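Visitor: Residue numbers (the numbering used here), protein chains in the order written: chain A, 1 to 267; chain B, 1 to 209.
One should not assume that every hint holds.
Straight-line distance between alpha carbons at most 35 Å, and here's what the computed DSBU-like set of lysine-lysine pairs gives [to be verified]:
{"hint": "1", "chain 1": "B", "residue 1": "Lys77", "chain 2": "B", "residue 2": "Lys101"}
{"hint": "2", "chain 1": "B", "residue 1": "Lys86", "chain 2": "A", "residue 2": "Lys260"}
{"hint": "3", "chain 1": "A", "residue 1": "Lys152", "chain 2": "B", "residue 2": "Lys159"}
{"hint": "4", "chain 1": "A", "residue 1": "Lys185", "chain 2": "A", "residue 2": "Lys149"}
{"hint": "5", "chain 1": "B", "residue 1": "Lys50", "chain 2": "B", "residue 2": "Lys188"}
{"hint": "6", "chain 1": "B", "residue 1": "Lys26", "chain 2": "B", "residue 2": "Lys59"}
{"hint": "7", "chain 1": "A", "residue 1": "Lys83", "chain 2": "A", "residue 2": "Lys169"}
{"hint": "8", "chain 1": "A", "residue 1": "Lys152", "chain 2": "A", "residue 2": "Lys142"}
{"hint": "9", "chain 1": "B", "residue 1": "Lys159", "chain 2": "B", "residue 2": "Lys191"}
{"hint": "10", "chain 1": "A", "residue 1": "Lys264", "chain 2": "A", "residue 2": "Lys152"}
{"hint": "11", "chain 1": "B", "residue 1": "Lys143", "chain 2": "B", "residue 2": "Lys59"}
{"hint": "12", "chain 1": "A", "residue 1": "Lys198", "chain 2": "B", "residue 2": "Lys52"}
{"hint": "13", "chain 1": "B", "residue 1": "Lys77", "chain 2": "B", "residue 2": "Lys50"}
{"hint": "14", "chain 1": "A", "residue 1": "Lys260", "chain 2": "B", "residue 2": "Lys59"}
{"hint": "15", "chain 1": "A", "residue 1": "Lys142", "chain 2": "A", "residue 2": "Lys169"}
{"hint": "16", "chain 1": "A", "residue 1": "Lys152", "chain 2": "B", "residue 2": "Lys158"}
{"hint": "17", "chain 1": "A", "residue 1": "Lys198", "chain 2": "A", "residue 2": "Lys23"}
{"hint": "18", "chain 1": "B", "residue 1": "Lys59", "chain 2": "A", "residue 2": "Lys98"}
{"hint": "19", "chain 1": "B", "residue 1": "Lys50", "chain 2": "A", "residue 2": "Lys260"}
{"hint": "20", "chain 1": "A", "residue 1": "Lys67", "chain 2": "B", "residue 2": "Lys59"}
{"hint": "21", "chain 1": "B", "residue 1": "Lys158", "chain 2": "A", "residue 2": "Lys149"}
{"hint": "22", "chain 1": "A", "residue 1": "Lys152", "chain 2": "B", "residue 2": "Lys52"}
{"hint": "23", "chain 1": "A", "residue 1": "Lys186", "chain 2": "A", "residue 2": "Lys154"}
{"hint": "24", "chain 1": "A", "residue 1": "Lys98", "chain 2": "B", "residue 2": "Lys61"}
{"hint": "25", "chain 1": "B", "residue 1": "Lys58", "chain 2": "A", "residue 2": "Lys67"}
{"hint": "26", "chain 1": "B", "residue 1": "Lys52", "chain 2": "A", "residue 2": "Lys149"}
{"hint": "27", "chain 1": "A", "residue 1": "Lys98", "chain 2": "B", "residue 2": "Lys58"}
Since the hints were made in silico from the structure, they are not lab data. All of these numbers come straight from a predicted model, not from anything done at the bench.
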Amino acid sequence: MKNWYIVLVVLLSVSACEISMPKWEETGVIDLGDVTPIGLAMQGESLWIADGDHNQIVAVDLKGNRKQTVADFERPMHLAEEKGVLYIPEYGSDQIIKFQDGTRTVLEMPDSLDAPAGVDVVNNEIAIADFYNHRIVFFDGKEWLTFGKEGKAKGEFYYPTDVAIAKGKIFVADAYNNRIQVFDKKGIALQIIGEAEKMNAATGIYVGEEEVFITDFENNRVLVYDLEGALQQIIAEGVQKPTDVLLEGGVLYIANYGGKDIRKLER
Amino acid sequence: MRNIIVICFAILFSVTNNLHVTAQSKTMDEFTVQVDGLGCPFCAYGLEKKFKELKGIKKVKIEMETGMMNFLYPMDKVLSIEQVEKQVEKAGYTPVSVAVKRTDGTVETTPVAETAVAADGEVETTTFFVSGNCGMCKARIEKAAKGVNGVQNAVWDKKTRELTVTFVGDTSQSSIEQAIAVSGHDTKTAKADKETYENLPGCCQYERL
Chain A
1 MKNWYIVLVV LLSVSACEIS MPKWEETGVI DLGDVTPIGL AMQGESLWIA DGDHNQIVAV
61 DLKGNRKQTV ADFERPMHLA EEKGVLYIPE YGSDQIIKFQ DGTRTVLEMP DSLDAPAGVD
121 VVNNEIAIAD FYNHRIVFFD GKEWLTFGKE GKAKGEFYYP TDVAIAKGKI FVADAYNNRI
181 QVFDKKGIAL QIIGEAEKMN AATGIYVGEE EVFITDFENN RVLVYDLEGA LQQIIAEGVQ
241 KPTDVLLEGG VLYIANYGGK DIRKLER
Chain B
1 MRNIIVICFA ILFSVTNNLH VTAQSKTMDE FTVQVDGLGC PFCAYGLEKK FKELKGIKKV
61 KIEMETGMMN FLYPMDKVLS IEQVEKQVEK AGYTPVSVAV KRTDGTVETT PVAETAVAAD
121 GEVETTTFFV SGNCGMCKAR IEKAAKGVNG VQNAVWDKKT RELTVTFVGD TSQSSIEQAI
181 AVSGHDTKTA KADKETYENL PGCCQYERL
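Between the sequences and the hints, there should be enough to build the whole structure, so can you do that?
Guide: Now the structure itself:
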């Protein structure tokens, strides 16, 4: 009988936790002036913003003060940062640029890209959303592989725009299939997330410890899922044509392309 | 002395640069294209990218805020306004106007659409559902509707997906719906054919009725 009480208490506790999971709420806005944000990456105390419309990247501090502007990129898109190196996919030049201490080098690859729209780098692994080729290009630390082709079926893409390496998996913003797809690191399709929400251009993705965030561009919202793909929250207030999302230090940053600002949310 | 050398270099650079620009402008026609519906950066950058693939084209630039695209093209290839419009439409966009300054100084522009002859009959306004997703869809749908003789105005609401159209004379709602279907967008009574639908840009491929 005592055991049954313990089980009941545990179940009630878990249930209470789920119900009381705090929601993301807006705590600030970084006004970007004429900068139109596409991609975000954090480097130390600097938030880097890819401004695709103006072919530049811009760094602001955590209060939003502009620290640096670097021009002459060809449509920079969804960024990544790893060990002091900023990785910049250039949609216009079909290259991934490595930017460190003011120096630019090109990421060497065995295959050509057609409009890279997003990159993620974790440890020695690199994943790239290859927009017009409808595929993901992945370096597993030893060799390059590609997966996906144009289509609507599971494992196929229709213009992927962003990618995230997390939890031993690869998460893809399958933009115009209006969904998230999850793969293992061999490129085997494991899961589809978000079909019930009727997204209209799933453009930017971030995967945290407990949640998956996706920008729903045309519907002016960010959707939050748990790692199993269950919808947790819809963030819509102040969101205008969002293109990317980033979670750093407990703060959720949303790149608000339509509003030319960054929304900051906390729990 | 050092300043004088710097100034001399600056002048020399400026003259050389101007000579280069002048030389280029003597062999290249200058195009200015106004494109409607550039709401989605992923597709808009794609338009720029696809134009860059044209052999010989130089200095392709799109201003997202204004929808203006500029580029230079070799005069000896004689790119026509109609070809530019088709290239824009092939990429899924809606050209509003095209202007070209030829190397001999002549300027050509998109012919101004003839003003519809005022038709007898009452002015009618109707609203109906048209499938679509985005700003590019909006531009395409409204242009298709306005291309029907007798249509005075057409406005598509992205949120409700309803088109409000004003027309006069013998114009019928079914003829407007048919024109919209030909452009790639379903209405409840007129359906786009499969090939046209599949040729729409990714962001425009709405869920079919």
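Visitor: Give me the numbers of the hints this structure contradicts, sorted from smallest to largest.
Guide: none
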